[in-house]
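Residue numbers (this note's numbering), protein chains in the order written: chain V, 565 to 880; chain E, 565 to 880.
Hint data in this document are derived by calculation from the structure and do not stem from the laboratory.
Some clues are possibly wrong.
Copies of the same chain are indistinguishable here, so a pair counts whether it falls within one copy or spans any two.
In the DSSO-like style, the derived pairs of lysine-lysine whose C-alpha atoms are separated by at most 30 Å in a straight line are [what the hints assert, rightly or not]:
no., residue 1, residue 2
1, K792, K700
2, K648, K681
3, K577, K809
4, K787, K681
5, K876, K577
6, K577, K838
7, K700, K568
8, K681, K568
9, K809, K876
10, K792, K809
11, K809, K700
12, K787, K809
13, K876, K568
14, K876, K681
15, K681, K838
16, K700, K648
17, K568, K809
Protein chains: 2
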Amino acid sequence: MTGKPPLAHTIHKNCTHLGWDRAIEPVRVARSGDRLLFECKDAAGGHFDASSTADDIGSLNPDAANPVTGPVFVEGAEPGDALKIRIDTLHPSGFGWTAILPGFGLLADQFGEPALKLWDYDVSGNRPAVFSDIAKVPLRPFIGTVGLAPAASGRHSVIPPRRVGGNMDIRDISAGTTLYLPVEVEGALLSIGDTHAAQGDGEVCGTAIESAMDVEVTVEVVKGAALKTPYFETGGPVSRHIDAKGFLATTGIGPDLMAAARDSVSAMIDLLTKTTGMSANDAYMLCSVCGDLRISEIVDAPNWVVSFYFPKLVLG
Amino acid sequence: MTGKPPLAHTIHKNCTHLGWDRAIEPVRVARSGDRLLFECKDAAGGHFDASSTADDIGSLNPDAANPVTGPVFVEGAEPGDALKIRIDTLHPSGFGWTAILPGFGLLADQFGEPALKLWDYDVSGNRPAVFSDIAKVPLRPFIGTVGLAPAASGRHSVIPPRRVGGNMDIRDISAGTTLYLPVEVEGALLSIGDTHAAQGDGEVCGTAIESAMDVEVTVEVVKGAALKTPYFETGGPVSRHIDAKGFLATTGIGPDLMAAARDSVSAMIDLLTKTTGMSANDAYMLCSVCGDLRISEIVDAPNWVVSFYFPKLVLG
Chain V
565 MTGKPPLAHT
575 IHKNCTHLGW
585 DRAIEPVRVA
595 RSGDRLLFEC
605 KDAAGGHFDA
615 SSTADDIGSL
625 NPDAANPVTG
635 PVFVEGAEPG
645 DALKIRIDTL
655 HPSGFGWTAI
665 LPGFGLLADQ
675 FGEPALKLWD
685 YDVSGNRPAV
695 FSDIAKVPLR
705 PFIGTVGLAP
715 AASGRHSVIP
725 PRRVGGNMDI
735 RDISAGTTLY
745 LPVEVEGALL
755 SIGDTHAAQG
765 DGEVCGTAIE
775 SAMDVEVTVE
785 VVKGAALKTP
795 YFETGGPVSR
805 HIDAKGFLAT
815 TGIGPDLMAA
825 ARDSVSAMID
835 LLTKTTGMSA
845 NDAYMLCSVC
855 GDLRISEIVD
865 APNWVVSFYF
875 PKLVLG
Chain E
565 MTGKPPLAHT
575 IHKNCTHLGW
585 DRAIEPVRVA
595 RSGDRLLFEC
605 KDAAGGHFDA
615 SSTADDIGSL
625 NPDAANPVTG
635 PVFVEGAEPG
645 DALKIRIDTL
655 HPSGFGWTAI
665 LPGFGLLADQ
675 FGEPALKLWD
685 YDVSGNRPAV
695 FSDIAKVPLR
705 PFIGTVGLAP
715 AASGRHSVIP
725 PRRVGGNMDI
735 RDISAGTTLY
745 LPVEVEGALL
755 SIGDTHAAQG
765 DGEVCGTAIE
775 SAMDVEVTVE
785 VVKGAALKTP
795 YFETGGPVSR
805 HIDAKGFLAT
815 TGIGPDLMAA
825 ARDSVSAMID
835 LLTKTTGMSA
845 NDAYMLCSVC
855 GDLRISEIVD
865 APNWVVSFYF
875 PKLVLG
């Protein structure tokens with residue numbers, strides 16, 4: 565990597581916080597152009613390990629969910645600017661988990677029992693991760709949570725994403741992508757966490773392949789960008805690791821996008837359980853880590869079409 | 565094409581109907597396994613030609629929109645079965661149009677003036693279609709409307725899609741895809757129309773590259789399939805014709821998926837007009853023919869993320 569500047573700062577994983585708050589003291593001060601390394605915990609803060617079972621879900625503390633590493637004060641960043649964040653490299657840990665957490669997820673009303681799937685994956689990313697001998701999921705590590713402090717004072721939950729980013733769970737905020745976030749406070753106050761080894765659009769069961777990682781990014785202040793919402797630019801194609809055999813796609817059709825999304829995912833779980841014999845819990849978790857929710861049409865009033873695309877490659 | 569069976573029927577474009585109605589007399593009777601050719605008009609029934617301008621939009625008759633060719637009675641199809649429809653080949657006409665129709669489209673409140681873009685494209689599909697010297701759109705012809713007669717008696721508008729299919733505008737119902745539709749009436753009563761030369765997920769301005777085409781399909785009855793909604797299987801990857809240079813993606817974040825979808829498309833129009841100088845009308849139409857609406861996350865309550873992906877390839 566000729567010309568790659570040295571790391572200006574490493575933000576260690578003991579520097580995490582829960583929730584967004586402009587009053588949290590920055591742990592580092594960076595300059596525009598600096599390359600930074602964030603050591604990120606997984607969304608459960610390391611609660612699970614290779615010996616965990618679904619019984620360990622009950623002892624998860626929801627108030628401790630989704631710790632993020634930071635915040636970093638970026639010199640020169642002011643409200644109305646954008647913080648440009650180039651994702652340079654992710655260093656996955658090799659251990660991951662996917663869970664059905666009661667009360668959480670798109671079909672929480674239909675999946676009330678806790679379930680846990682552990683992943684022991686190849687950190688080089690060359691081999692797909694094996695899912696219960698029924699599927700192989702190509703990896704594409706990315707950042708689930710990357711955000712800035714909101715202007716509004718007080719502590720804000722880390723679960724919902726906001727205009728300043730946060731828990732956006734966009735599967736393409738991966739190596740090579742450049743993200744632009746609206747700055748609302750002086751210094752921007754950047755934090756990163758909730759890294760994932762793979763996920764489809766929607767994160768339908770509520771969890772991805774949740775996995776601790778170290779993340780290298782380069783930050784830059786863009787003066788006066790005046791963004792309304794975050795945007796990003798990918799470094800290349802986003803589905804070629806998984807699209808070679810095409811897709812099975814189920815639909816939901818009706819006047820409510822949420823209901824249509826739920827119908828499309830339910831239909832895919834029905835189809836997968838029927839055709840492969842896998843359990844509904846497994847199908848739901850597998851859909852979350854590799855299938856995509858797309859809005860096929862949103863103009864033929866009063867009924868919209870949401871489609872759930874499942875990549876056939878993962879079934880072999 | 566060794567082994568391709570001869571066409572069992574050609575359904576000519578004089579055999580079109582407006583709206584879905586189980587009482588419409590079938591124009592052909594097909595057997596399960598038959599290969600059929602449907603001559604399809606465009607969504608405006610041929611209203612526009614190479615000399616048309618936006619002034620011709622006012623004389624469009626909305627009651628004559630979206631004529632479909634058919635219906636075809638398929639022997640053996642009964643309520644509770646599925647009709648399997650393999651899309652074999654599309655023969656595009658080379659002429660197409662994209663319009664902003666006042667009162668129609670995702671941002672109808674922001675785009676009140678009619679606009680019309682004409683396309684004269686390469687029917688081989690080897691060359692992208694040129695958009696006002698500012699963009700080149702790779703073609704991927706597909707069927708916008710493919711559906712069966714609903715069980716409920718009476719005439720049903722052809723605009724909204726339903727459980728039995730219809731105007732689904734799913735961009736991947738293209739050559740090589742196999743579609744499964746729930747049958748609600750004896751003989752299924754299949755009709756096809758509203759062919760498109762290219763479109764992104766969402767069809768955000770309300771129109772695609774609307775274009776008359778002949779379509780070859782093979783139909784088969786699947787007994788007792790008991791589908792709730794349509795599903796399909798693609799013959800291979802769905803975005804490789806357009807993804808080589810990656811994507812620009814804008815976001816909408818909030819508790820309402822429709823508002824988030826609108827915000828993401830508005831943000832992309834702002835970004836394209838600012839960075840390329842194209843007009844907002846052009847950006848809106850271009851987004852509709854090549855950009856994709858994806859639901860990035862739908863679980864981090866109370867805020868969801870909808871992202872609009874614009875392929876950088878089309879800008880050169």
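Structure-based check of each hint:
Taking identical chains as interchangeable, the C-alpha atoms of K792 and K700 lie at most 30 Å apart only when they sit on different chains, with a minimum of 28 Å there against 39 Å within one chain. For the identical chains of this complex, K648 and K681 are neighbours neither inside a copy (35 Å) nor across copies (35 Å), given an alpha-carbon limit of 30 Å. Within a single copy, K577 and K809 get their C-alpha atoms no closer than 39 Å, and across copies no closer than 35 Å, so neither meets the 30 Å cut-off. When the C-alpha separation of K787 and K681 is checked against a cutoff of 30 Å, the pair qualifies neither within a copy, at 44 Å, nor between copies, at 36 Å.
Taking the closest pair of Cα atoms, K876 and K577 never come within 30 Å of each other, the shortest separation being 37 Å inside a single copy and 36 Å across copies. When the C-alpha separation of K577 and K838 is checked against a cutoff of 30 Å, the pair qualifies neither within a copy, at 43 Å, nor between copies, at 39 Å. Proximity of K700 to K568 under the C-alpha cut-off of 30 Å is found in neither arrangement, the shortest distances being 34 Å within a copy and 35 Å between copies. When the C-alpha separation of K681 and K568 is checked against a cutoff of 30 Å, the pair qualifies neither within a copy, at 37 Å, nor between copies, at 46 Å.
Within a single copy, K809 and K876 get their C-alpha atoms as close as 6 Å, and across copies as close as 24 Å, so both meet the 30 Å cut-off. Within a single copy, K792 and K809 get their C-alpha atoms only as close as 38 Å, which misses the 30 Å cut-off; across copies the closest is 25 Å, which meets it. For a Cα distance limit of 30 Å, the shortest separation of K809 from K700 qualifies both inside one copy, at 13 Å, and across copies, at 27 Å. Only between protomers do K787 and K809 lie at most 30 Å apart by alpha-carbon distance; the minimum there is 27 Å, versus 44 Å within a single protomer.
With identical chains, the CA atoms of K876 and K568 are at most 30 Å apart between copies only, with a shortest distance of 26 Å across copies and 38 Å within one. For a Cα distance limit of 30 Å, the shortest separation of K876 from K681 inside one copy, 21 Å, qualifies, whereas the shortest one across copies, 37 Å, does not. Taking the closest pair of Cα atoms, K681 and K838 come within 30 Å of each other only inside a single copy of the chain (21 Å); across copies the shortest separation is 46 Å, beyond that limit. Only between protomers do K700 and K648 lie at most 30 Å apart by alpha-carbon distance; the minimum there is 28 Å, versus 34 Å within a single protomer.
Taking the shortest Cα distances, K568 and K809 sit within 30 Å of each other only across copies (23 Å), while inside one copy they are farther apart (37 Å).
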